[in-house]
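Novice: Residue-level listing of the chains:
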Amino acid sequence: MGRYVVVRLLQMIPVFFGTTFLIYAMVFALPGDPILALAGDKPLPPAVLNALHDRYNLDDPLIVQYGKYIGGLLQGDLGETFTGQPVGELLSDRWTVTLQLALTAWVFELVAGVALGVIAALRRGGIIDTLVLGGTTFIIAIPVFVFGYTAQIVLGLHLGLFPTSYEGDWPGSFILPAMVLGSFGIAYVARLARASLIENLRADFVRTAQSKGVARRRIIGVHTLRNSLIPVVTYLGVDFGNLMAGAVVTEGIFNLPGIGQQVFQSIQLQEGTVVVGVVSLLVLVYLLVNLLVDLLYGVLDPRISHG
Amino acid sequence: MVEAIAAPPTGEVEPISQRGSLWQDAWHQLRRRVTFWLSALILTVAVAMAVFPGLFTSLGPNEGCNVRRARVRPSDAAIFGFDNQGCEYWSQVVYGARPSILIGLAVTVFSLLIAIVLGLLAGYYGGWVDGLISRLTDIFFGIPFVLGATVVLIAFPERGIWAMTLVLVLLGWTTMTRIMRGQVLAVKDTDYVRAARGLGAGDLRIMRKHILPNAIAPVFIVAMLNVGNVISGEATLDYLGVGLQFPEVSWGLQLNVARSFFFEFPHLLIFPGLFLTATVLSFLMLGDVVRDALDPKLR
Amino acid sequence: MKNVVRRAGWAAVLTAAALVAGACGGGGGGGGEGQKASRFSVALTEPDHLTPGATSSSYSITVLQAIFEPLVEIDPKTGKPVMLAAESITSTDQKVWTIKIKPGQKFHNGEPVTAESFADAWNATAYAPNGWTNNYYFENVVGYEDLNPEEEGAKPKADKLSGLKVVDPNTLEVTLKAPFSQFPIMLAYTGFAPMPKAAFADLKAYDVKPIGNGPFMLDGEWQRNRLIKTKAFKEYGGPRKPKSEGIDFKIYASRDTAYVDLRANKVDLLTTIPAANVSEAKGLLGDRFVSTPGGTMDYLGFPVYDKRYAKPELRKAISMAIDREGIVQAVFNGTYKPMGSLVPPLVPGYREGICGEACKFDPAKAKQLFDQAGGFTGTLNLYFSNADPSYEQWMQAVANQLTQNLGIKDIKFRKIPAADYLKTLREHKQDGPYRNNWVMDYPSPQNYLESMWGAGNRMGWENKEFQELIEKANSAPSMEASIPLYQQAEDLAIKEMPMAPLWNWQDQAGYSKNIENVTIDAYSANLDQITVKK
Numbered sequence: 001m002g003r004y005v006v007v008r009l010l011q012m013i014p015v016f017f018g019t020t021f022l023i024y025a026m027v028f029a030l031p032g033d034p035i036l037a038l039a040g041d042k043p044l045p046p047a048v049l050n051a052l053h054d055r056y057n058l059d060d061p062l063i064v065q066y067g068k069y070i071g072g073l074l075q076g077d078l079g080e081t082f083t084g085q086p087v088g089e090l091l092s093d094r095w096t097v098t099l100q101l102a103l104t105a106w107v108f109e110l111v112a113g114v115a116l117g118v119i120a121a122l123r124r125g126g127i128i129d130t131l132v133l134g135g136t137t138f139i140i141a142i143p144v145f146v147f148g149y150t151a152q153i154v155l156g157l158h159l160g161l162f163p164t165s166y167e168g169d170w171p172g173s174f175i176l177p178a179m180v181l182g183s184f185g186i187a188y189v190a191r192l193a194r195a196s197l198i199e200n201l202r203a204d205f206v207r208t209a210q211s212k213g214v215a216r217r218r219i220i221g222v223h224t225l226r227n228s229l230i231p232v233v234t235y236l237g238v239d240f241g242n243l244m245a246g247a248v249v250t251e252g253i254f255n256l257p258g259i260g261q262q263v264f265q266s267i268q269l270q271e272g273t274v275v276v277g278v279v280s281l282l283v284l285v286y287l288l289v290n291l292l293v294d295l296l297y298g299v300l301d302p303r304i305s306h307g
Numbered sequence: 001m002v003e004a005i006a007a008p009p010t011g012e013v014e015p016i017s018q019r020g021s022l023w024q025d026a027w028h029q030l031r032r033r034v035t036f037w038l039s040a041l042i043l044t045v046a047v048a049m050a051v052f053p054g055l056f057t058s059l060g061p062n063e064g065c066n067v068r069r070a071r072v073r074p075s076d077a078a079i080f081g082f083d084n085q086g087c088e089y090w091s092q093v094v095y096g097a098r099p100s101i102l103i104g105l106a107v108t109v110f111s112l113l114i115a116i117v118l119g120l121l122a123g124y125y126g127g128w129v130d131g132l133i134s135r136l137t138d139i140f141f142g143i144p145f146v147l148g149a150t151v152v153l154i155a156f157p158e159r160g161i162w163a164m165t166l167v168l169v170l171l172g173w174t175t176m177t178r179i180m181r182g183q184v185l186a187v188k189d190t191d192y193v194r195a196a197r198g199l200g201a202g203d204l205r206i207m208r209k210h211i212l213p214n215a216i217a218p219v220f221i222v223a224m225l226n227v228g229n230v231i232s233g234e235a236t237l238d239y240l241g242v243g244l245q246f247p248e249v250s251w252g253l254q255l256n257v258a259r260s261f262f263f264e265f266p267h268l269l270i271f272p273g274l275f276l277t278a279t280v281l282s283f284l285m286l287g288d289v290v291r292d293a294l295d296p297k298l299r
Numbered sequence: 001m002k003n004v005v006r007r008a009g010w011a012a013v014l015t016a017a018a019l020v021a022g023a024c025g026g027g028g029g030g031g032g033e034g035q036k037a038s039r040f041s042v043a044l045t046e047p048d049h050l051t052p053g054a055t056s057s058s059y060s061i062t063v064l065q066a067i068f069e070p071l072v073e074i075d076p077k078t079g080k081p082v083m084l085a086a087e088s089i090t091s092t093d094q095k096v097w098t099i100k101i102k103p104g105q106k107f108h109n110g111e112p113v114t115a116e117s118f119a120d121a122w123n124a125t126a127y128a129p130n131g132w133t134n135n136y137y138f139e140n141v142v143g144y145e146d147l148n149p150e151e152e153g154a155k156p157k158a159d160k161l162s163g164l165k166v167v168d169p170n171t172l173e174v175t176l177k178a179p180f181s182q183f184p185i186m187l188a189y190t191g192f193a194p195m196p197k198a199a200f201a202d203l204k205a206y207d208v209k210p211i212g213n214g215p216f217m218l219d220g221e222w223q224r225n226r227l228i229k230t231k232a233f234k235e236y237g238g239p240r241k242p243k244s245e246g247i248d249f250k251i252y253a254s255r256d257t258a259y260v261d262l263r264a265n266k267v268d269l270l271t272t273i274p275a276a277n278v279s280e281a282k283g284l285l286g287d288r289f290v291s292t293p294g295g296t297m298d299y300l301g302f303p304v305y306d307k308r309y310a311k312p313e314l315r316k317a318i319s320m321a322i323d324r325e326g327i328v329q330a331v332f333n334g335t336y337k338p339m340g341s342l343v344p345p346l347v348p349g350y351r352e353g354i355c356g357e358a359c360k361f362d363p364a365k366a367k368q369l370f371d372q373a374g375g376f377t378g379t380l381n382l383y384f385s386n387a388d389p390s391y392e393q394w395m396q397a398v399a400n401q402l403t404q405n406l407g408i409k410d411i412k413f414r415k416i417p418a419a420d421y422l423k424t425l426r427e428h429k430q431d432g433p434y435r436n437n438w439v440m441d442y443p444s445p446q447n448y449l450e451s452m453w454g455a456g457n458r459m460g461w462e463n464k465e466f467q468e469l470i471e472k473a474n475s476a477p478s479m480e481a482s483i484p485l486y487q488q489a490e491d492l493a494i495k496e497m498p499m500a501p502l503w504n505w506q507d508q509a510g511y512s513k514n515i516e517n518v519t520i521d522a523y524s525a526n527l528d529q530i531t532v533k534k
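Chains as they are written, first to last, in UniProt numbering: chain A, 1 to 307; chain B, 1 to 299; chain C, 1 to 534.
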């Protein structure tokens, strides 16, 4: 077990550096001069331009820039934005918002998705099953921005059920965005839960339990559901990263000051330090969550062990 | 969003000795499903629009536009009304089919090819080959889709269908590769593969004749579902302003313009939205029924 | 997106305010009934900096106008300067200017506002290593070169402008390199605001909590991407005494969301209603919708150095093939003003429709002129940046019209990343017509003509006569005397048409039922005048 974790952690190192370097290289490869863009339509005297280039190491070759960046990173310095805000401060500030949103959406996916999946599985082939499958497919077929914008106008503005934009409170400001963000995952969770439950309901141990006269509810609750959750957990592990990164659109619509918003703007401004900082963080979270998921397997299914 | 397709393989695939009958069985299954015929019908129409737009409209893309007619609502003369540029909306929506469908299919095909090759290599040879491919997959898998795509696309001043395809393949091959690798691992140690090796078959032949046919089904299902997701993802990039651009016509671009006029001019949003949703939905449903047919356990 | 209208002189500076019920910071539902504070909130896009010399973003300027008192402000009716912090600004030769400062003014921290406060702020802005964007406004001050060495890596020789002289605590003398009759108007720009001594102890801290001399002061630090909270400055003694207890600048990442919030009464003033929503907003808000002519202009520039665009006739043909009226209706919901002159109406010396038929939509004549000029071969590339989706919208209309009216079939878009766009133009890499935008710095024809058609312009257009006229106008003894000379220069630029005027922006604002006395003009949203309904 301990050895397994160590090996996995070691494997993360090249992945982490590979991803951050790739992103840094891509931002670096973008044409144009970010400093000139900051000046907009107004002239920027060469002396000022040079001073700013120096401040953000923009005249160095790629590998030196990346080296300086990693060097700073190891000392806990993530650089600063073009507006002079330390990236570390920016991340810790925006991070919580995105985390709140992703977790809310996550819980929403898990609860609603599993519930729908279980109902559909128990009524397999019936109207409810068809409705669940059809309805969730329909939701994934609508582009998220159309869905989000419509939800904001109809549920937020016209019906007044939810705030139209961020108000700084949890969960009030997060419910609607989380529903929009999580709608995509619900469809998958529901399907996975349904498929896996159906499969397990046919397994021998369920038949045995049935023949012993154990109540149906108990069979589903205790014996089957736990096993059926494995694919769901796998999916949720992968999806957590998606939720945080996919929040770009949702955060934009609902004015949530989170990481997705920031990084999208930073890409356009070519703020390499911010982009790499955010993406590294996302990658790190993604890797750790997946490790956690693998460890969870052992808990959910005693047959799998990480010896 | 493309990355969310990661429906992981459930359980191991049982080796199929008579693969002809699997696909035949599946076809018998499919023929009896209404969903199959419905989605096939919608997709036929959509593909026809993409390939032969001339059958549906006499105008060319961006032809006969007049800004003075901008956003005129649907009427008998123009059943879909006019768009923000005063172009006849029906023909614009027809032309919107091509990029969506082309990108959806092209991205999936290329991703599938990459997935098959890399998945086979990694699963079959194991060792350092597997380690290298798996880490590479991890690296690309770790890049968030929208952000990665934005970074790359911003660098293309002239973004066309192929630039979009390239980017979406670059960020979209990982899931299928992982599934393929898992399948190959499961199939590799079966008796018939061992038997083939015992008979002196080469690596290439074993992979092609014995492993690939038995490992492909789940990957194929994911690929079917992937088409819809790619189309949706492409529209999202258009929406964010880093996707296709004029003179290209696409549903994503139309939706992007339309959202601001949602309440005053709902026709701008409804028509491309309807076509996009119907197409994506059809691909998803088709993927679903094919999966059901190929994997009888789920029925 | 954040960087959309990013750069602006203070013309496009209108931003929104809204009354927040109670004093909840980030907005928040209806707490604090009963003891409603007389505060309101303004919708804002995240500013880049709040140090006056370091920003020319219109969003920053909206805030800076509330917390700083510049030397002068501009009378929106006449376009002439009115004294604020200054008592008088005088010169005999348009070269050496004497600025007298009203005594007794205070910064928010109690420091007195003196001639030195201005000199310190200006020196810091002009000092290259600080990297402040308003640096170039000081190019015309004697001693500028010593602070701004051109060579890379060179150390500046001085950190103070030799052309600035503090005569006594209330008198500042500025010596310019060349006569400049428009100098007093320029001083209304927030980039010339004073800074207290306390600022220089820690400039970074100052940027998130600036100390100014204006009617409002910051209440706590700037909460990035969320809120900038201000309260009325009790000791403010100027003419802009605040009529409310404070303003909350609520920061939005998208104007669309801000507009939805205005409709939901969650924000009370939005000065940048998206063009797409204007006709809806007019209906919904009625009297509470305000449209103000601004100083911002859009142009279509031509690469005169490319021989396909070398003939004025061809450039005129393209100009005449564009249906400005139609595009304004379709893309901007009829809110912008199609232009037939190079300067907008609010600039002194504006002449309606002076461009004549060359700026009027006439497809038949355009085609005739086009054929006479020998037509066009190859791909016509249209250049614009990706900063705002509306650029693509109107460019698309232009492309369609050039195809239809002139028969140019092969038209392609060159949508350049915002970070690369101006570099492309500056280096003359564009080989086709391009979007050129100008945000007014101060209401003078000089600001438009010399900045865009003057030496080293983006079109590669060279005209000696034009150059001489501008120089003559700049050293004219008075504003009035300079106008006819600028007009002659404008006529020349129209005749050759290296750049065609398109339209003049109008700023669209809306406010909630919670506030009154909203008087927005082209130079300021006059936030101090706004009262909160009881």
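Keep in mind the hints are simulated off the structure, nothing from the lab.
Treat each hint with caution, since some may be false.
[Said to hold, decoys possible] Simulated coverage check for chain A against chain B, where a stretch passes if three residues somewhere in it have a Cβ under 8 Å from a Cβ of chain B: (1) 11–25; (2) 43–56; (3) 146–156; (4) 266–275.
[To be verified] Listed next, with one range per pair, are the computed distances between beta-carbon atoms: (5) Arg202(A) - Trp23(B): 19 to 27 Å; (6) Ala40(B) - Val6(A): 27 to 35 Å; (7) Ile354(C) - Ser58(B): 38 to 46 Å; (8) Val45(B) - Gly125(A): 45 to 53 Å; (9) Phe289(C) - Ile127(A): 25 to 33 Å; (10) Ser451(C) - Val117(B): 56 to 64 Å; (11) Lys204(C) - Val117(B): 49 to 57 Å; (12) Leu295(A) - Val117(B): 30 to 38 Å.
Idealized CB from N, CA, C, for every residue including glycine.
Novice: Please list, smallest to largest, the hint numbers that this structure does not respect.
Specialist: 2, 6, 8 and 9
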